[in-house]
Amino acid sequence: MTYFTKRYHPPGTAPGTLVEDEHLESRPLRLKLMDYNTQSLEEHDDISFTECRPYLERPTITWIHAHGYAGAELLRELGQTFSLHPLALEDVLNTGQRPKLENYDHQLFAIMSLPLWDGDDIEVEQISLFFGPGYVISFHYGDHDPFEPIRKRLRAQGGRLRERGADYLFYTLLDVIVDQSFPILEELGERIETVEDQLLDKPTRLTLERIHLLKRDLLLLRRQLWPQREVLSQLQREDQSLIDETTKPYLRDCYDHTVQIMELFETYRDMLAGMLDMYLSGASHRLNDIMRVLTVIATLFIPPTFLVGIYGMNFQHMPELHWPYGYGLVWLIIVAVMGGMLVYFKRRNWF
Amino acid sequence: MTYFTKRYHPPGTAPGTLVEDEHLESRPLRLKLMDYNTQSLEEHDDISFTECRPYLERPTITWIHAHGYAGAELLRELGQTFSLHPLALEDVLNTGQRPKLENYDHQLFAIMSLPLWDGDDIEVEQISLFFGPGYVISFHYGDHDPFEPIRKRLRAQGGRLRERGADYLFYTLLDVIVDQSFPILEELGERIETVEDQLLDKPTRLTLERIHLLKRDLLLLRRQLWPQREVLSQLQREDQSLIDETTKPYLRDCYDHTVQIMELFETYRDMLAGMLDMYLSGASHRLNDIMRVLTVIATLFIPPTFLVGIYGMNFQHMPELHWPYGYGLVWLIIVAVMGGMLVYFKRRNWF
Amino acid sequence: MTYFTKRYHPPGTAPGTLVEDEHLESRPLRLKLMDYNTQSLEEHDDISFTECRPYLERPTITWIHAHGYAGAELLRELGQTFSLHPLALEDVLNTGQRPKLENYDHQLFAIMSLPLWDGDDIEVEQISLFFGPGYVISFHYGDHDPFEPIRKRLRAQGGRLRERGADYLFYTLLDVIVDQSFPILEELGERIETVEDQLLDKPTRLTLERIHLLKRDLLLLRRQLWPQREVLSQLQREDQSLIDETTKPYLRDCYDHTVQIMELFETYRDMLAGMLDMYLSGASHRLNDIMRVLTVIATLFIPPTFLVGIYGMNFQHMPELHWPYGYGLVWLIIVAVMGGMLVYFKRRNWF
Amino acid sequence: MTYFTKRYHPPGTAPGTLVEDEHLESRPLRLKLMDYNTQSLEEHDDISFTECRPYLERPTITWIHAHGYAGAELLRELGQTFSLHPLALEDVLNTGQRPKLENYDHQLFAIMSLPLWDGDDIEVEQISLFFGPGYVISFHYGDHDPFEPIRKRLRAQGGRLRERGADYLFYTLLDVIVDQSFPILEELGERIETVEDQLLDKPTRLTLERIHLLKRDLLLLRRQLWPQREVLSQLQREDQSLIDETTKPYLRDCYDHTVQIMELFETYRDMLAGMLDMYLSGASHRLNDIMRVLTVIATLFIPPTFLVGIYGMNFQHMPELHWPYGYGLVWLIIVAVMGGMLVYFKRRNWF
Amino acid sequence: MTYFTKRYHPPGTAPGTLVEDEHLESRPLRLKLMDYNTQSLEEHDDISFTECRPYLERPTITWIHAHGYAGAELLRELGQTFSLHPLALEDVLNTGQRPKLENYDHQLFAIMSLPLWDGDDIEVEQISLFFGPGYVISFHYGDHDPFEPIRKRLRAQGGRLRERGADYLFYTLLDVIVDQSFPILEELGERIETVEDQLLDKPTRLTLERIHLLKRDLLLLRRQLWPQREVLSQLQREDQSLIDETTKPYLRDCYDHTVQIMELFETYRDMLAGMLDMYLSGASHRLNDIMRVLTVIATLFIPPTFLVGIYGMNFQHMPELHWPYGYGLVWLIIVAVMGGMLVYFKRRNWF
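The listed protein sequences correspond, in order, to chains G, U, V, Z and F. Everything in the first sequence is counted per my numbering, starting at 1 for the first residue and increasing by one. Everything in the second sequence is counted per my numbering, starting at 1 for the first residue and increasing by one. Everything in the third sequence is counted per my numbering, starting at 1 for the first residue and increasing by one. Everything in the fourth sequence is counted per my numbering, starting at 1 for the first residue and increasing by one. Everything in the fifth sequence is counted per my numbering, starting at 1 for the first residue and increasing by one.
Incorrect hints may have been included.
Any copy will do: because identical chains look the same in the list, a pair fits if it lies in one copy or spans two.
[To be verified] List of simulated lysine-lysine pairs, DSBU-like, C-alpha gap at most 35 Å:
1) Lys202 <-> Lys346
2) Lys346 <-> Lys248
3) Lys100 <-> Lys6
4) Lys248 <-> Lys152
5) Lys100 <-> Lys202
6) Lys202 <-> Lys248
7) Lys202 <-> Lys152
8) Lys32 <-> Lys202
9) Lys6 <-> Lys202
10) Lys32 <-> Lys346
11) Lys100 <-> Lys346
12) Lys152 <-> Lys32
13) Lys346 <-> Lys152
14) Lys32 <-> Lys100
15) Lys6 <-> Lys346
Hint data in this document are derived by calculation from the structure and do not stem from the laboratory.
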């Protein structure tokens with residue numbers, strides 16, 4: 001993950017300007033349509049927007065999922081059909097937005113963040129959702145399609161999803177996006193525990209780097225996800241014209257999930273901070289150990305080494321050299337000095 | 001305790017789905033029923049749900065305690081009898097939820113966290129409670145039964161518990177769960193004091209690890225317990241139809257306990273943070289001590305050792321070697337150098 | 001001070017249970033009664049509760065101060081006379097409660113924390129106060145009597161205290177308790193300054209321990225005292241039936257004191273945190289100093305020592321030993337090497 | 001950036017005093033006027049304030065941009081024409097103010113902060129805006145003109161800007177100022193990533209200084225920018241007389257940008273804090289590595305060196321010197337001692 | 001500055017007691033009176049309170065400034081004339097109070113903190129202000145008179161100050177006190193920058209102490225000043241009877257200043273915290289540098305020194321000593337060992 005992910009127009013550009021991003025490699029757009037009520041279900045893959053239009057006018061519930069790169073052309077067309085606000089369209093195009101919920105008259109516009117494992121790295125993809133009476137339109141630029149389980153549930157006749165309105169479909173899509181965080185947090189939790197075990201067992205420079213990178217990823221991921229709590233909290237306060245009273249408990253449940261996700265983030269962050277403290281404290285403990293050994297050995301041998309140096313000098317007049325017990329005496333002095341220092345170190349608790 | 005304890009369905013599963021967890025070892029469910037009013041009390045252990053049903057229709061107060069693994073089958077049956085919300089049933093099954101309070105029409109649903117010592121480790125078990133007019137249904141998946149003292153009090157005729165409604169029974173159960181934290185916090189407080197004594201006396205690598213593990217346990221436990229404060233705060237704001245005005249002071253008292261528990265957590269956390277700081281500061285103090293000794297001894301002896309090395313050389317032409325007082329002079333120089341350094345070190349406050 | 005000071009019943013005990021604590025050494029209860037209005041004052045020391053009763057029924061203001069251990073028996077009796085809430089009585093008995101204010105119909109119940117020097121240690125004693133129309137009942141389990149100055153002021157005719165109602169007496173008692181913190185904080189402030197002087201002058205391991213213990217005491221004391229701010233803030237919001245409008249400015253003044261006390265706690269805590277940082281930074285500074293000296297001396301002498309070792313070898317064929325200027329040359333090399341290193345160290349700013 | 005940037009009069013000066021700052025090098029003021037409605041557009045560069053006046057009385061929308069140093073004289077004149085509050089004029093003159101929004105009767109006065117790269121440094125320039133019915137007056141003391149793109153959009157007929165009122169122009173100007181932060185934050189984000197790479201690869205003293213300076217710049221920039229969030233939040237709450245309902249979504253969008261900017265600041269700050277921790281932890285890791293090597297080598301060789309010193313002594317009576325296998329024995333002892341120490345170090349995980 | 005500056009009566013003293021502080025050296029009180037309206041101005045220096053009285057009864061605006069030590073006697077007299085609240089009088093006498101605003105019926109009472117340079121130290125002096133219809137009474141115990149510029153403005157006829165009511169005078173006095181913080185913060189800002197330069201250039205133990213003392217001063221000063229923000233925020237919410245609507249923008253401006261002052265405090269504190277981190281990180285960097293050099297040199301020379309020691313032994317049977325190329329071989333080995341270690345260190349990036 002990089003630090004700055006927001007795409008923006010140069011300052012001074014008119015708001016709502018839909019300029020296609022040349023850096024974005026072209027990825028052909030595919031529209032998937034599902035149109036259903038309790039009795040019937042129609043499903044179309046890869047149809048054009050013009051073909052979608054008649055479904056939107058029917059009393060049935062219509063879900064259009066735009067997968068891939070929604071060009072400026074399509075968005076403008078879409079904006080006219082549904083009288084969408086230009087600012088919303090600009091946000092669909094310029095991915096990397098902060099999750100938010102906007103209420104334009106008879107329409108809710110939500111931006112959500114979908115976290116995904118991209119190999120060993122975490123990526124966050126933007127999903128934009130328009131929801132109005134009888135329809136939901138979702139945009140997703142990315143490879144993975146998180147909504148396949150929803151389609152399966154829609155195809156099964158008799159499920160709750162088929163019996164309820166577009167607001168319940170809208171909730172379901174939000175719920176899927178929010179719940180994607182759980183497997184990711186579970187995996188992160190396991191990684192943190194692995195690193196913690198390493199830390200307590202045998203910490204290396206790699207352990208340190210892993211802690212740092214986990215902290216960084218958590219921080220960046222958290223910034224992308226935490227506004228979702230506000231989105232769901234706001235949705236509960238929406239009036240009944242768009243969201244039915246019976247859907248509210250489900251939204252509350254989904255809101256609880258966002259709260260839990262944020263609490264896990266807090267816990268993980270505190271955990272990692274504690275592990276860094278632990279690393280530093282452990283390092284200073286080991287350093288003390290090493291220094292103690294070095295000091296004990298060096299100080300035990302340095303004075304005797306000096307002493308034997310004395311009697312290695314070649315002066316002509318060194319009376320001690322001729323004493324019969326000189327050599328034995330030197331050994332005695334050495335043993336006494338070393339013993340004295342050992343006692344001193346012992347008393348200072350150095351080993 | 002592990003970091004990620006929540007059990008969840010794969011994202012996209014329909015909300016309210018009751019799928020039994022195959023990983024959960026089967027633990028047969030036992031229902032305990034108590035049905036009472038001021039005059040009479042009926043108690044049944046290990047009866048089936050069908051046998052419970054008639055009691056629920058009576059005007060007396062009925063408490064059903066489901067101990068063990070409440071399978072999907074029973075929950076579905078239960079849901080139909082009491083028209084329970086499917087999301088609540090899902091939360092009963094998927095343990096590891098965050099404590100919360102939900103108000104479904106004529107029924108309160110509470111999830112609480114019961115902290116327990118599991119040997120030397122702290123475990124948190126989920127207790128789910130349904131409370132409606134005239135009944136309380138509690139679910140607990142775990143070995144220990146915290147509600148035995150309540151049963152004793154119920155059996156004793158004339159107690160306040162027998163004279164009051166189901167709301168008071170509901171309060172009593174919550175109170176027991178909340179108060180379980182006190183003995184655990186008392187024990188933790190003693191452990192922290194033990195570690196602190198070690199820290200001030202003779203800190204080792206083990207002390208450090210203990211501080212880290214205590215911090216970790218506190219953090220994980222706190223995450224599980226702090227939403228209970230919100231649960232009890234919310235309960236006080238519930239209207240009178242379910243909770244009688246005379247029960248409110250008791251709920252306030254229980255709320256005060258949750259506040260006290262959180263304050264203890266804060267205090268302990270700050271205490272442990274202070275102890276880590278203390279460890280680091282103490283370690284750097286000891287390191288300074290050790291380095292001082294090493295430096296003093298090494299620097300005292302290194303120059304003299306060099307000097308005696310000089311006169312240990314075997315050059316043919318070294319005039320000093322033939323001086324009659326050369327040897328004495330060397331000793332003089334050595335003593336002067338060492339004395340000078342001692343004075344210098346003394347002035348620098350090095351010993 | 002210990003970390004866990006709250007006394008509690010085992011979880012599951014009925015709320016309001018008054019069980020005497022066997023661990024509490026018996027300390028005979030003494031009741032002091034003062035009954036007054038503007039004109040007259042009656043004072044009785046060490047009377048029984050039965051004797052107190054008639055005073056309570058008079059229109060005069062009655063203050064009963066229960067000093068010592070209020071047994072379960074007396075509390076039950078008291079509870080019946082004044083129809084006190086059982087939860088309040090439980091809190092009087094189980095000392096170590098968090099300061100709080102409860103409003104039971106026509107009666108306010110306050111728990112306050114009285115901080116005291118116990119030799120070199122700080123102790124916190126609980127004072128419980130009941131206040132209703134025309135009476136105040138105070139409970140205090142401890143040696144020191146903080147209310148003696150109030151009694152003196154009551155005995156003096158014509159003081160404001162005699163002219164006003166029981167609410168003013170209630171305020172006065174709270175005010176005395178709150179103001180006890182000032183001398184303690186003043187003393188703590190002086191200790192912190194002493195430690196700071198030590199830190200800047202000559203820090204030792206003892207300095208470090210003192211900082212740690214001051215931090216700890218502040219933390220524990222703060223936990224006991226800060227809810228008193230909430231008590232006084234709540235009192236100001238009480239309606240006029242119990243507390244007269246003219247007493248409100250006094251309560252506001254007392255509230256301001258609690259705010260000032262909390263600000264002092266914050267300041268002291270930040271101060272101590274800064275001193276720990278200072279200690280660590282200073283230690284690393286000293287370590288650098290020491291290491292610099294060690295390194296300079298060791299590296300100055302190690303290469304020359306190696307060199308003189310070379311010419312101390314006893315090989316038969318070492319041509320340099322026979323050079324007439326060999327010895328002088330060795331000295332030249334040594335001086336050159338040492339000088340070069342000195343220049344290098346100087347440039348690196350090592351001394 | 002310097003820490004204290006606010007310009008202020010000496011305490012006690014009358015509020016609203018317009019004293020010209022002698023330290024400010026004179027920079028001639030240039031007024032740019034644009035007067036437009038849907039059909040027509042008039043543009044004048046470098047005209048006098050007297051010439052501007054008739055435009056202000058027309059029903060068209062008038063935008064006067066004062067670029068350069070607005071002297072006390074002009075401001076006083078301006079104040080009389082529009083009955084501006086003297087405090088607002090003082091704030092225009094004394095740059096370095098905190099962003100804020102003031103509502104004087106029929107007029108909004110906003111102070112905004114424009115961040116700019118000044119070579120390698122970030123500068124913040126103040127832009128002051130008056131907005132009333134039909135006019136916007138903007139003041140900017142600085143070299144760079146951020147409003148040029150707006151003029152281009154105004155010149156293009158048929159744009160949304162031409163069709164809407166002065167409130168939309170006011171929004172547009174604010175939006176341009178707010179969005180200037182994005183390129184700066186993008187650049188800062190890249191710098192932080194560069195420093196992070198250095199940190200993980202090969203940290204030097206320069207890395208440390210860069211982290212410190214980035215932290216400092218972020219802190220100072222954040223202080224200047226964060227009140228802008230409050231300005232935009234306040235604007236949304238303004239009543240409809242000045243700001244049209246259809247402009248509100250645009251203000252909300254601009255507000256969202258200020259929120260995103262603040263979140264980026266938080267993320268960057270946390271990132272940099274984490275990098276400093278990482279630096280410290282890494283340094284203590286390296287220190288441990290170095291000390292380990294030093295200790296192993298020093299302790300391996302110090303005892304043998306002492307031993308060979310023994311047999312370099314010149315005592316007449318040293319029996320070992322005459323043993324035929326003495327020399328071999330010494331080698332044996334040396335190898336044994338070194339081997340033993342190697343085993344000990346290995347067990348302690350020192351290499 | 002000392003940590004505990006509040007003066008307080010012993011706990012239990014009656015509130016509103018005016019006991020003169022014997023520790024306070026007597027400093028004769030001087031009253032300065034200014035009585036004015038738009039047309040006329042009377043000014044009296046050093047008059048008695050009895051002489052002041054007639055001015056207070058006139059419809060003109062009267063400002064009495066009491067400079068020096070206001071004894072208990074005068075305060076009591078004053079209290080009777082204006083029916084001041086005894087608690088306010090006590091606060092005037094007991095300096096070192098927290099800034100606050102009290103509304104007693106028809107009178108506002110404000111305590112403010114005036115920060116001043118006392119040589120190199122910062123002192124905070126209390127200024128107490130009573131403001132009622134037509135009068136302001138100010139008390140100040142200290143040497144410096146901050147209100148002289150106000151008097152100058154009052155003397156100048158035609159100024160805004162002369163044309164407006166006592167509320168504007170009250171605002172003006174508060175404004176002067178608040179603005180005194182700017183020069184002090186400017187000076188502190190410069191000191192912090194100086195210390196920062198030292199830190200980046202050549203940090204010494206003195207740098208460390210300066211950072212600590214700056215942090216301490218900021219902390220203590222901040223505690224004294226931040227309640228002033230609350231005072232000014234409260235004043236804006238006062239009803240119109242005392243404070244005219246046209247004075248409100250000026251109060252808002254003054255409030256903005258208090259906000260800016262607090263933000264500067266935050267910035268400075270964060271800055272200093274960052275500098276301490278920087279110091280620690282820099283110290284550990286330097287330590288690493290030093291240790292690297294020591295280790296490289298020591299480990300390069302220790303093994304060769306051991307080797308030459310070997311051949312300095314005096315054993316009779318050392319065959320190598322007699323080899324014709326023994327000496328050359330030793331040199332070869334030494335060069336090989338040293339070269340090998342250099343390569344190893346190079347690879348580890350140690351120099």
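Hints, one by one, checked against the model:
Taking the shortest Cα distances, Lys202 and Lys346 sit within 35 Å of each other both inside one copy (28 Å) and across copies (14 Å). Proximity of Lys346 to Lys248 under the C-alpha cut-off of 35 Å is found in neither arrangement, the shortest distances being 71 Å within a copy and 64 Å between copies. For the homomeric pair Lys100 and Lys6, the shortest alpha-carbon distances inside one copy (14 Å) and between copies (27 Å) are both at most 35 Å. For a Cα distance limit of 35 Å, the shortest separation of Lys248 from Lys152 inside one copy, 24 Å, qualifies, whereas the shortest one across copies, 41 Å, does not.
Proximity of Lys100 and Lys202 under a CA criterion of 35 Å is satisfied in neither setting, with 44 Å inside one chain copy and 40 Å between copies. In this homomeric assembly, Lys202 and Lys248 never come within 35 Å of each other (Cα to Cα): the closest approach is 50 Å inside a single copy and 54 Å across copies. For a Cα distance limit of 35 Å, the shortest separation of Lys202 from Lys152 qualifies neither inside one copy, at 48 Å, nor across copies, at 52 Å. In the homo-oligomer, the alpha carbons of Lys32 and Lys202 never lie at most 35 Å apart, since the shortest distance is 52 Å inside one protomer and 50 Å across protomers.
In the homo-oligomer, the alpha carbons of Lys6 and Lys202 lie at most 35 Å apart only across protomers (30 Å), although the nearest pairing inside one protomer, at 40 Å, exceeds that limit. In the homo-oligomer, the alpha carbons of Lys32 and Lys346 never lie at most 35 Å apart, since the shortest distance is 79 Å inside one protomer and 61 Å across protomers. Proximity of Lys100 to Lys346 under the C-alpha cut-off of 35 Å is found in neither arrangement, the shortest distances being 66 Å within a copy and 54 Å between copies. Within a single copy, Lys152 and Lys32 get their C-alpha atoms as close as 14 Å, which meets the 35 Å cut-off; across copies the closest is 41 Å, which misses it.
In the homo-oligomer, the alpha carbons of Lys346 and Lys152 never lie at most 35 Å apart, since the shortest distance is 74 Å inside one protomer and 60 Å across protomers. In this homomeric assembly, Lys32 and Lys100 come within 35 Å of each other (Cα to Cα) only inside a single copy, at 24 Å, whereas the closest approach across copies is 38 Å. For the homomeric pair Lys6 and Lys346, neither the shortest alpha-carbon distance inside one copy (62 Å) nor that between copies (43 Å) is at most 35 Å.
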